[in-house]
Amino acid sequence: MNKPVATPNNLLVEKRALSITQFCSAYGISRASYYNLQKSGNAPATLNVGRRRLITTDAAEAWANKMTIAVVKHGG
Numbered sequence: 078m079n080k081p082v083a084t085p086n087n088l089l090v091e092k093r094a095l096s097i098t099q100f101c102s103a104y105g106i107s108r109a110s111y112y113n114l115q116k117s118g119n120a121p122a123t124l125n126v127g128r129r130r131l132i133t134t135d136a137a138e139a140w141a142n143k144m145t146i147a148v149v150k151h152g153g
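The numbering of the sequence shown is my numbering, which starts it at 78 and goes up by one.
Keep in mind that the hints are not guaranteed to be accurate.
Below, a list of computed lysine to any residue pairs in the SDA-like style, where the Cα atoms sit at most 20 Å apart [said to hold, decoys possible]:
| # | residue 1 | residue 2 |
| --- | --- | --- |
| 1 | K143 | I97 |
| 2 | K143 | I106 |
| 3 | K116 | K143 |
| 4 | K143 | L114 |
| 5 | K150 | N119 |
| 6 | K116 | I106 |
| 7 | K143 | L124 |
| 8 | K116 | A136 |
| 9 | K143 | Y112 |
| 10 | K116 | R129 |
| 11 | K150 | W140 |
| 12 | K150 | T98 |
| 13 | K143 | N119 |
| 14 | K150 | A120 |
| 15 | K116 | R93 |
| 16 | K143 | S107 |
| 17 | K116 | G105 |
| 18 | K143 | G105 |
| 19 | K143 | T123 |
| 20 | K143 | Y104 |
| 21 | K143 | N113 |
Hints listed in this document are in silico derivations from the structure and should not be mistaken for laboratory results.
Make a model of the complete structure from these sequences and hints.
As structure tokens, then:
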């Protein structure tokens with residue numbers, strides 16, 4: 078399989094968005110947990126770029142803040 082060529086356009090996207098795998102790794106959750114969150118409506122917003130589904134860094138941060146607030150409110 079050929080490695081994608083880095084261009085200024087896709088480098089910008091890579092810095093501002095994460096793949097599902099990168100997101101899971103960054104936040105210490107499994108892909109299965111991510112898909113459970115998605116199924117329950119609690120996953121971060123995603124966008125499609127070609128055939129890839131990405132999570133912007135802004136959406137990831139908003140999700141983390143939302144989850145932190147939920148834990149604090151529910152005492153978990």
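Does A136 lie within 20 Å of K116 when you go C-alpha to C-alpha? Holds: K116 and A136 sit about 17 Å apart, inside 20 Å.
Restraint status (C-alpha distance of K143 to S107 at most 20 Å): 19 Å, holds
Check the hint pairing K150 with A120 against an upper bound of 20 Å on the C-alpha distance. Since the Cα atoms of K150 and A120 sit roughly 18 Å apart, the hinted pair holds (cutoff 20 Å).
Hinted pair K143 and L124, Cα distance within 20 Å: Holds: K143 and L124 sit about 19 Å apart, inside 20 Å.
Starting from K116, check that the Cα of G105 is at most 20 Å away, please. 19 Å, holds
Are the Cα positions of K116 and K143 separated by 20 Å at most? OK: K116 and K143 at ~17 Å, within 20 Å.
Compare the distance between the alpha carbons of K150 and N119 with 20 Å, and conclude whether the hinted pair is satisfied. Status holds; Cα separation ~16 Å.
Assess, step by step, whether the Cα of K150 is no farther than 20 Å from the Cα of W140, and give holds or violated. Distance ~15 Å between K150 and W140 Cα, so the pair holds.
Verify the proposed pairing of K143 with G105, using a straight-line Cα cut of 20 Å. 16 Å, holds
Within 20 Å, alpha carbon to alpha carbon, are K116 and I106? With a Cα-Cα distance of about 15 Å, the restraint between K116 and I106 holds, given a limit of 20 Å.
20 Å Cα cutoff - pair K116, R93: 24 Å, violated
Regarding the pair K143 and I106, is the alpha-carbon distance no greater than 20 Å? Holds. K143 to I106 sits at ~16 Å (cutoff 20 Å).
Hint violations for this structure: numbers 12, 15, all remaining hints satisfied.
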